[in-house]
Amino acid sequence: MNIDLSVNIGSLKLKNPILLASGTVGYGNEISEFTDLSKIGAIVTKSISLKPRKGNPPQRIVETPSGMLNAIGLANVGLEAFVKEKIPFLEKLNATIICNIAASTLDEYVECVKILEYEKSIKAFEINVSCPNVKDGGLIFGNDINWVGKITEQVRKSTSKPIIIKLSPNVPNISDFAAVAKKEGADAVSAINTLVGTSFDIYTRKPKIKNITGGLSGPAIKPIALAKVLEIKRNVDIPIIGVGGIMNWKDVVEFMIVGATAIQIGTANFINPNVSNEIINDLYKFCSEQKIENISSLTGSFQI
Amino acid sequence: MNIDLSVNIGSLKLKNPILLASGTVGYGNEISEFTDLSKIGAIVTKSISLKPRKGNPPQRIVETPSGMLNAIGLANVGLEAFVKEKIPFLEKLNATIICNIAASTLDEYVECVKILEYEKSIKAFEINVSCPNVKDGGLIFGNDINWVGKITEQVRKSTSKPIIIKLSPNVPNISDFAAVAKKEGADAVSAINTLVGTSFDIYTRKPKIKNITGGLSGPAIKPIALAKVLEIKRNVDIPIIGVGGIMNWKDVVEFMIVGATAIQIGTANFINPNVSNEIINDLYKFCSEQKIENISSLTGSFQI
Amino acid sequence: MHIEKTIVQFVEKVKPNIFLLKVLAKNISSKATAGQFCNIKVSETDFPLLRRPFSIHNIENESVYFLFDIHGEGTKILSNKKVGDKIDIIGPLGNGFNIDDNYETIFLVAGGIGVAPFPFLTKSLTNKKIITFYGARNKDYIYDKNLINVKYSTDDGSYGFHGNVIELLEKEIGKNDFHNIKIYGCGPTPMLKALQKFSLENKIDCELSVESAMACGFGICQGCPIETTDNSYKLICKDGPVFNSKEIIL
Amino acid sequence: MHIEKTIVQFVEKVKPNIFLLKVLAKNISSKATAGQFCNIKVSETDFPLLRRPFSIHNIENESVYFLFDIHGEGTKILSNKKVGDKIDIIGPLGNGFNIDDNYETIFLVAGGIGVAPFPFLTKSLTNKKIITFYGARNKDYIYDKNLINVKYSTDDGSYGFHGNVIELLEKEIGKNDFHNIKIYGCGPTPMLKALQKFSLENKIDCELSVESAMACGFGICQGCPIETTDNSYKLICKDGPVFNSKEIIL
Ligand SMILES: Cc1cc2nc3c(=O)[nH]c(=O)nc-3n(C[C@H](O)[C@H](O)[C@H](O)COP(=O)(O)OP(=O)(O)OC[C@H]3O[C@@H](n4cnc5c(N)ncnc54)[C@H](O)[C@@H]3O)c2cc1C
Ligand SMILES: Cc1cc2nc3c(=O)[nH]c(=O)nc-3n(C[C@H](O)[C@H](O)[C@H](O)COP(=O)(O)OP(=O)(O)OC[C@H]3O[C@@H](n4cnc5c(N)ncnc54)[C@H](O)[C@@H]3O)c2cc1C
Ligand SMILES: Cc1cc2nc3c(=O)[nH]c(=O)nc-3n(C[C@H](O)[C@H](O)[C@H](O)COP(=O)(O)O)c2cc1C
Ligand SMILES: Cc1cc2nc3c(=O)[nH]c(=O)nc-3n(C[C@H](O)[C@H](O)[C@H](O)COP(=O)(O)O)c2cc1C
Ligand code: FES
Ligand code: FES
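Protein chains in written order, with my numbering: chain F, 667 to 970; chain C, 667 to 970; chain L, 13 to 262; chain Z, 13 to 262.
Read the hints as simulated data drawn from the structure, not as lab findings.
Among these hints, one or two may not hold up.
[Stated by the list, open to error] Label-pair restraints from in silico Cβ distances:
no.: 1; chain 1: Z; residue 1: K140; chain 2: C; residue 2: N901; range: 55 to 61 Å
no.: 2; chain 1: Z; residue 1: E72; chain 2: L; residue 2: E74; range: 44 to 50 Å
no.: 3; chain 1: F; residue 1: W813; chain 2: Z; residue 2: N114; range: 54 to 60 Å
no.: 4; chain 1: C; residue 1: D842; chain 2: F; residue 2: Q820; range: 51 to 57 Å
no.: 5; chain 1: L; residue 1: K38; chain 2: Z; residue 2: S170; range: 39 to 45 Å
no.: 6; chain 1: Z; residue 1: K209; chain 2: F; residue 2: G851; range: 54 to 60 Å
[Said to hold, decoys possible] Using 25 Å as the maximum straight-line C-alpha spacing, the simulated PhoX-like pairs for lysine-lysine come out as follows:
no.: 7; chain 1: L; residue 1: K163; chain 2: L; residue 2: K94
no.: 8; chain 1: F; residue 1: K720; chain 2: Z; residue 2: K94
no.: 9; chain 1: Z; residue 1: K93; chain 2: L; residue 2: K17
no.: 10; chain 1: L; residue 1: K27; chain 2: L; residue 2: K94
no.: 11; chain 1: F; residue 1: K786; chain 2: F; residue 2: K758
no.: 12; chain 1: Z; residue 1: K246; chain 2: F; residue 2: K872
no.: 13; chain 1: F; residue 1: K916; chain 2: C; residue 2: K876
no.: 14; chain 1: L; residue 1: K246; chain 2: C; residue 2: K876
no.: 15; chain 1: Z; residue 1: K43; chain 2: L; residue 2: K93
no.: 16; chain 1: F; residue 1: K786; chain 2: F; residue 2: K679
no.: 17; chain 1: L; residue 1: K43; chain 2: L; residue 2: K246
no.: 18; chain 1: Z; residue 1: K258; chain 2: F; residue 2: K876
no.: 19; chain 1: Z; residue 1: K94; chain 2: L; residue 2: K34
no.: 20; chain 1: L; residue 1: K88; chain 2: Z; residue 2: K88
no.: 21; chain 1: C; residue 1: K720; chain 2: L; residue 2: K98
no.: 22; chain 1: Z; residue 1: K93; chain 2: Z; residue 2: K27
no.: 23; chain 1: L; residue 1: K151; chain 2: L; residue 2: K27
no.: 24; chain 1: F; residue 1: K705; chain 2: Z; residue 2: K17
no.: 25; chain 1: L; residue 1: K17; chain 2: F; residue 2: K916
no.: 26; chain 1: C; residue 1: K786; chain 2: C; residue 2: K717
no.: 27; chain 1: Z; residue 1: K43; chain 2: Z; residue 2: K17
no.: 28; chain 1: L; residue 1: K98; chain 2: L; residue 2: K43
The model shown is predicted, which means the values in this text are computed figures rather than measured ones.
Note that beta-carbon positions come from the ideal geometry of N, C-alpha and C, so glycine has one too.
Whenever a hint applies, use it, and build me the whole structure from the sequences.
Below you can see the structure in the form of structure tokens.
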């Protein structure tokens, strides 16, 4: 049997549904020593802002039960260095690039997209309106449906590439956000970004993370992410990229069943930097065993 | 040194800050074989509704990484049987009773409270506006700030006992909900109820829980619960009862540091039905070692 | 009901996928009856979070035996225990099999690892004519120590009757002239369903030990309901795990 | 950098709270230099979630040694490994100590379990005069195998100098006439701070191996920054863990 792992996110065709999540693989340099990026559906690059950002002071991460908190604060090299140094490297590796953009103002999103519009190897933009770890922008945008609408609208006007809006899970009605994104012209949504969490040292009584709160990721949030994807799938007709706590191929199948067209792997890369390619192999096996010719047939195939 | 573990939640003085969370100890019968309920700060009884509720069909629970989903659906004996059978039993055990009430309409809350107003041994009401597993009421109330305000207002008018509003974590701005509860006369808030989550079988493609979604509890949600308590503490001057993923005395101290006056133990009871009394002993030890005379001095003592 | 820190006396792989665990558990062993179960904390950490329920396989002096197959993470951890390790066990839990002197002949019907409670039950059924019907996937999955009068079936025909255990039962019941039969069944739900049907059709009194996901195991979480024929729910952990086959909807 | 399935050759309790682990790791052993570390998956399950970073204690043929103390759940699990168990290890990671031929005398300054990388470093520093300053909580916490020329301090005075290792260093430095000294330090942050101050005041070249919480260990999570004196951040896992003491703000 011929197994077809390819999936379509709007006009974007990917060789398989496995993407690497923004912020969990940098710009591909380091992880490329462990895994073949040319075989992955796409790499979503670390959130890029117009100017470089130092990020938050340490301590930035802490482990929690089946998860971790991070408050990296969007540390990144800035748009210029990204274009000059990072894109050429990824091109050389034959990686499919989705560029994730973060910004503190509506104009900054637009400006970034306009500049990057001419980078041929960027196949799509993922618009991060949901970073919990920065003071300006971030969840001020991501938890406000009007902002999400406006940002989508303006970004849509500024690019012909597919745009994916990365949604915040810290809201009771994520499907309303997906609906707005769709209405304003988004090609897809990613769900979910991290959930706001914290952790304190009981002796010093200080937060373990300098930023006080951080974003919770990892297996702990998987049930929540699945519920958010399902909620969107049942209410809005837009391709969904599922993210949150995926550790193995079973998790991928579960996300696709509840409605994801593709998925992203985040925290799992830290533990096994080759996990994405292992998962792709495992998905082949699963599809063969289950006689699933097109993996895309899994999407939204839940039986309720 | 004399250690004082007692805490005040408004006018309600409790011998220690350890409460048993609603829905995780029934009405005390079974767990009383494992733990001495007279020594616990209080037992919060399983959500009671005006009429008995059968609850949701099986399967109702599933384990998840460091957590579990439940969709019990507020199965309960109803107000009448509660008064006749359950309260007398708890009285005999010398347990301090906080009665949790769930309802599908505003009137039902009011009616329950009015009937129970005359039960002397009920020391306070916890108003559950945040159950994720029922069709009517539940999160329709809990995620809507106007409903939370109205319910608090009406319940306040109907009772002279302390009232505690149990808040939903499925919102981006829990402190606004706490502020409304305070404004309308609540004596305290409990944070948090469970987060909406799901889990699917990848072979049958069916939800593992018949209700499709369930409420996520256990250590997985602890970082989120801590962040919610901290958010309320920094914005609203109201006693907070911390709930979510508490497994041991360290977790209790952490919740108190970020702002909890008292805490509730939920899922942990299933794993160790005597954990509450073990924690009380451990807190004594901790306070002695750290020379903390009044445990209440921990509340909100974070160093930021 | 006790929360007991038991001590591992041995864990043995008795079949390719089946393990026998023996723990020293004074309190639990002195109270247990056949068909009851225990809720086992398989690790000392918070992972896996929940306890795992297992039938009491047998009791010997102050020891309790469990028979289990490797299912997922929890049973894997349990299978790796070493002599002397401590295991935190709550038990005995639930209501076991009702032993009723009115019956002459007892059929024990086991599917797969559902055989677990039957050695203890066999021991408890003194002065009865017992026939054990034991269905397994194949020869390698049969562990029949401390069972008596066993008739086997295997799905692949590698041992005994080729087919499932209910088919075997149907075949055998016609052969002999049994009096006053009572059936005790334990196994996967599809088998129990078939057994329920069989017992109703043949008007044989039948008790079934059923399974469900469990969080607490003793009635506080309401997580383990089973629908009853009078249109309400009972709790498998507290009201069961053994129910009269007429009482429940599988 | 490799993801290697290593095989446990032994785990030994060498001191009440200190364990020595030896694994067969062909790839890692052939590439490692002193001061580098590995990121170890202590269990085969998803718990604990993250790897645990450990300095390479020593290399012998195709084996890698780690020396660790029991800190929390992860190190406890590691200490329970058995001969033949498989452990998934990523390494060698980071930049080790710079071995510079311009120096005659080498001071190794270790605080507590910070002694871990020094046997490998000692072995790598051929033809140098090495003095090892080793501070520990008390006698029971000293594990000095494969170190040379050791001067001890203990917090409680139970062995060697009574005080901390920097006080010992200050005392000893006055005594002798050392030439061309280079210091390599590893230990808890307060000790490294004191050592940094000491080396700056005494104008001695000094490299410090620092610690931080880590998620990935090789530069993809940005979780392990350290502030540098030129007002930016470097990554401890990738740019370190060894830094020149002048370069970083502790
Ligand atoms: C009353 C009762 C008695 C049982 N007696 C035995 C016995 O004697 N021998 C035996 O091998 N097994 C028995 N089981 C089944 C046993 O509990 C499961 O095989 C075990 O919980 C699987 O755990 P795991 O971590 O290995 O599997 P996983 O699949 O990783 O477990 C995930 C979750 O699902 C639950 N779960 C998975 N399978 C079952 C199941 N069949 N029943 C209930 N919960 C399940 C687990 O408890 C856990 O919470 C019994 C179950 C019940 C309810
Ligand atoms: C580069 C490097 C080299 C190290 N070398 C050694 C060594 O050779 N021997 C040794 O005993 N220890 C060493 N450590 C410290 C070791 O990593 C921690 O003791 C270990 O991670 C604790 O894990 P745990 O699960 O037992 O503790 P827990 O406290 O339960 O761990 C909880 C979390 O905090 C992290 N954490 C806790 N303490 C530390 C710490 N001191 N540094 C970094 N992360 C920590 C853990 O990795 C984990 O994510 C080193 C750390 C680093 C960064
Ligand atoms: C260390 C870390 C850094 C992250 N940085 C970003 C980021 O820059 N932009 C972004 O959109 N998401 C970022 N995320 C969120 C992830 O892309 C992903 O949405 C989230 O981690 C949930 O997936 P996971 O559970 O698989 O990690 C980051 C996550 C982690 C753990
Ligand atoms: C099985 C189960 C049933 C619950 N039932 C109720 C309920 O009836 N009313 C209520 O207010 N909360 C209910 N809860 C929520 C708990 O009271 C608590 O808020 C939540 O579980 C988080 O705490 P934990 O992580 O310590 O369990 C229930 C939780 C569980 C796990
Ligand atoms: S398992 Fe908790 S009530 Fe049955
Ligand atoms: S630990 Fe991930 S970048 Fe250093």
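We went through each hint and held it up to the structure:
1. At roughly 60 Å, the beta-carbon separation of Z/K140 and C/N901 lies within the given 55 to 61 Å, and the hint holds.
2. Distance hint for Z/E72 and L/E74: a CB-CB separation of about 48 Å, consistent with the stated range 44 to 50 Å.
3. The hinted range of 54 to 60 Å is satisfied by F/W813 and Z/N114, whose Cβ atoms lie roughly 59 Å apart.
4. The hinted range of 51 to 57 Å is not satisfied by C/D842 and F/Q820, whose Cβ atoms lie roughly 28 Å apart.
5. Taking the beta carbon of each, L/K38 and Z/S170 are about 43 Å apart, inside 39 to 45 Å as hinted.
6. Hint check: Z/K209 to F/G851, Cβ distance near 58 Å, so the stated range 54 to 60 Å holds.
7. With a C-alpha separation of about 34 Å, the suggested pairing of L/K163 with L/K94 is violated against the 25 Å cut-off.
8. Pair hint F/K720 plus Z/K94 does not hold up; C-alpha atoms about 44 Å apart against a cutoff of 25 Å.
9. Restraint check for Z/K93 and L/K17: satisfied, since their Cα atoms lie roughly 23 Å apart, inside the 25 Å limit.
10. Among the hinted pairs, L/K27 with L/K94 is consistent with the structure: their alpha-carbon atoms are about 18 Å apart, no more than 25 Å.
11. Of the pairs offered as hints, the one joining F/K786 and F/K758 holds, with about 13 Å between alpha carbons and a cut-off of 25 Å not exceeded.
12. Distance check on the hinted pair: Z/K246 and F/K872 sit about 24 Å apart at the alpha-carbon level, within 25 Å; holds.
13. A distance of roughly 20 Å separates the Cα atoms of F/K916 and C/K876; the hinted pair therefore holds under the 25 Å criterion.
14. Of the pairs offered as hints, the one joining L/K246 and C/K876 holds, with about 17 Å between alpha carbons and a cut-off of 25 Å not exceeded.
15. Straight-line distance between C-alpha atoms of Z/K43 and L/K93 comes to about 37 Å, which puts the hinted pair past the 25 Å bound.
16. Restraint check for F/K786 and F/K679: satisfied, since their Cα atoms lie roughly 15 Å apart, inside the 25 Å limit.
17. For a cut-off of 25 Å, the pair hint linking L/K43 to L/K246 stands: about 23 Å separates their Cα positions.
18. Between Z/K258 and F/K876 the alpha-carbon distance is near 24 Å, which keeps this suggested pair within the 25 Å criterion.
19. With a C-alpha separation of about 22 Å, the suggested pairing of Z/K94 with L/K34 holds against the 25 Å cut-off.
20. In summary, the hint linking L/K88 to Z/K88 is supported, as the alpha carbons are separated by about 19 Å, within the 25 Å threshold.
21. With a CA separation close to 39 Å, the supplied pair C/K720 and L/K98 exceeds the 25 Å bound.
22. About 17 Å separates the Cα atoms of Z/K93 and Z/K27, which keeps this hinted pair within 25 Å; it holds.
23. Distance check on the hinted pair: L/K151 and L/K27 sit about 10 Å apart at the alpha-carbon level, within 25 Å; holds.
24. Distance check on the hinted pair: F/K705 and Z/K17 sit about 23 Å apart at the alpha-carbon level, within 25 Å; holds.
25. Only pairs whose Cα atoms come within 25 Å are accepted, and L/K17 paired with F/K916 is rejected, the gap being roughly 35 Å.
26. Distance check on the hinted pair: C/K786 and C/K717 sit about 21 Å apart at the alpha-carbon level, within 25 Å; holds.
27. Taking the CA atoms of Z/K43 and Z/K17, the gap is near 16 Å; set against the 25 Å cutoff, the hint holds.
28. A hinted pair counts as satisfied when its Cα atoms are at most 25 Å apart, and L/K98 with L/K43 qualifies at roughly 20 Å.
Figure legend: structure checked against the earlier numbered hints; hints not met, in rising order: 4, 7, 8, 15, 21, 25.
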